[in-house]
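*Asks:* Sequence:
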Amino acid sequence: MTQPLGFGFIGAGAIANFHAKAVAAARGARAIGVVSRRRSSAEAFALEHGLGFASDNVQELLKQPGLDAVCITTPSALHLEPALAAIRARKHLMIEKPLDSTVEGTDHILAEAEKAGVRVGSIFQARFGDAARQVKAAIDAGRFGRMVLASCYVKWNRTAEYYTGWKGRLAEDGGGVIINQAIHGVDLLQWFAGMPVEVFAWSTRRVHRIESEDTCVAALKFGSGAFGTIEGTTAAWPGWSRRLEICGEHGSVLMEDDDIARWDFRVAQPGDEKIRAMRESAAMGSGAAAPMNIKIEGHQRQIQDFIDGINERRPFFIEGREARKAVALVRAIYDSAATGKPVRL
Numbered sequence: 001m002t003q004p005l006g007f008g009f010i011g012a013g014a015i016a017n018f019h020a021k022a023v024a025a026a027r028g029a030r031a032i033g034v035v036s037r038r039r040s041s042a043e044a045f046a047l048e049h050g051l052g053f054a055s056d057n058v059q060e061l062l063k064q065p066g067l068d069a070v071c072i073t074t075p076s077a078l079h080l081e082p083a084l085a086a087i088r089a090r091k092h093l094m095i096e097k098p099l100d101s102t103v104e105g106t107d108h109i110l111a112e113a114e115k116a117g118v119r120v121g122s123i124f125q126a127r128f129g130d131a132a133r134q135v136k137a138a139i140d141a142g143r144f145g146r147m148v149l150a151s152c153y154v155k156w157n158r159t160a161e162y163y164t165g166w167k168g169r170l171a172e173d174g175g176g177v178i179i180n181q182a183i184h185g186v187d188l189l190q191w192f193a194g195m196p197v198e199v200f201a202w203s204t205r206r207v208h209r210i211e212s213e214d215t216c217v218a219a220l221k222f223g224s225g226a227f228g229t230i231e232g233t234t235a236a237w238p239g240w241s242r243r244l245e246i247c248g249e250h251g252s253v254l255m256e257d258d259d260i261a262r263w264d265f266r267v268a269q270p271g272d273e274k275i276r277a278m279r280e281s282a283a284m285g286s287g288a289a290a291p292m293n294i295k296i297e298g299h300q301r302q303i304q305d306f307i308d309g310i311n312e313r314r315p316f317f318i319e320g321r322e323a324r325k326a327v328a329l330v331r332a333i334y335d336s337a338a339t340g341k342p343v344r345l
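Start counting the sequence shown at 1; every next residue gets the next number (this note's numbering).
In case anyone wonders, no lab produced these hints; they're calculated from the structure. Any given hint might turn out to be false.
What follows is a set of in silico ranges between Cβ atoms, one per label pair, in the way DEER data are often shown [unchecked claim]:
#, residue 1, residue 2, range
1, Glu172, Leu345, 41 to 51 Å
2, Arg206, Gln59, 39 to 49 Å
3, Asn311, Ala277, 33 to 43 Å
Here a beta-carbon is modelled for each residue, glycine too, at the ideal position from N, C-alpha and C.
All chains should be modelled from the sequences, with the hints used to inform the complete structure.
*Replies:* Structural data, given as structure tokens:
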């Protein structure tokens, strides 16, 4: 019998609750402790989730007996320091998306983890939906033929009250809608269509009084010759389901959140009707109108894969190097919007 993997949590905010619940529901895991910038927050989190240790000192958490892995759930631009501390302590890492708010920070984490011999994952739970995997399988099987257009639309709503504290601050949040809300769709898009070779973007603050963007549009050119678009906003009421459209010469697919809304191919195959009927959004939830309307199912699937990957010494479904791609694409969008020039990847 393999000993349960001992987990700690760095960060005790809203998303940390999803990690803690996913660990509690996973096979072969146990939760040990939590650390937060405010000890009172750590203590309240520990009480809620039945943890035996709470502190405001990362090093104290990393010294806890039986600790094997750490979930980092701090704001996006504050991932680097605790990640490096955990790596130095030889702890595996599951980092809430993105790995870091910059490519440089991401590469630093991955390089140090490789030298230390520890594993790194990053939460992109949308890839764990059955519908998303069916789309990827159809692409890999060549059912679309030549890809023509591949686009992602995240037209969500956040209230003014949402943007309090660190949210929307560049030094802590790392950016706005693209890096925080749209990044799951951005990751799915590049998983389906590949990394674009060139992007051109505009960003703005249409409604929210924040440092970062609440609205952004990017035009994409893929290596295959296909074009695409990314649209993201947190300023649109009431907030619509995330949409991904993959269109090719022999077929086109539309995903709304984690459901298949259209599955149309020139040549039908057995199983198409079953795929058209797939409905997973009820299990996965949707953050379109409120961030806490997602559910733990996606986190649970990915954290279970993380645990099994470590115990079975096999690759994760999403390795750290794979999670880096979304960071690189987000930063290219931001660089283009800042300079007014196209950026090549």
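*Asks:* Of the hints given before, which are not true for this structure?
*Replies:* The structure breaks only hint 1.
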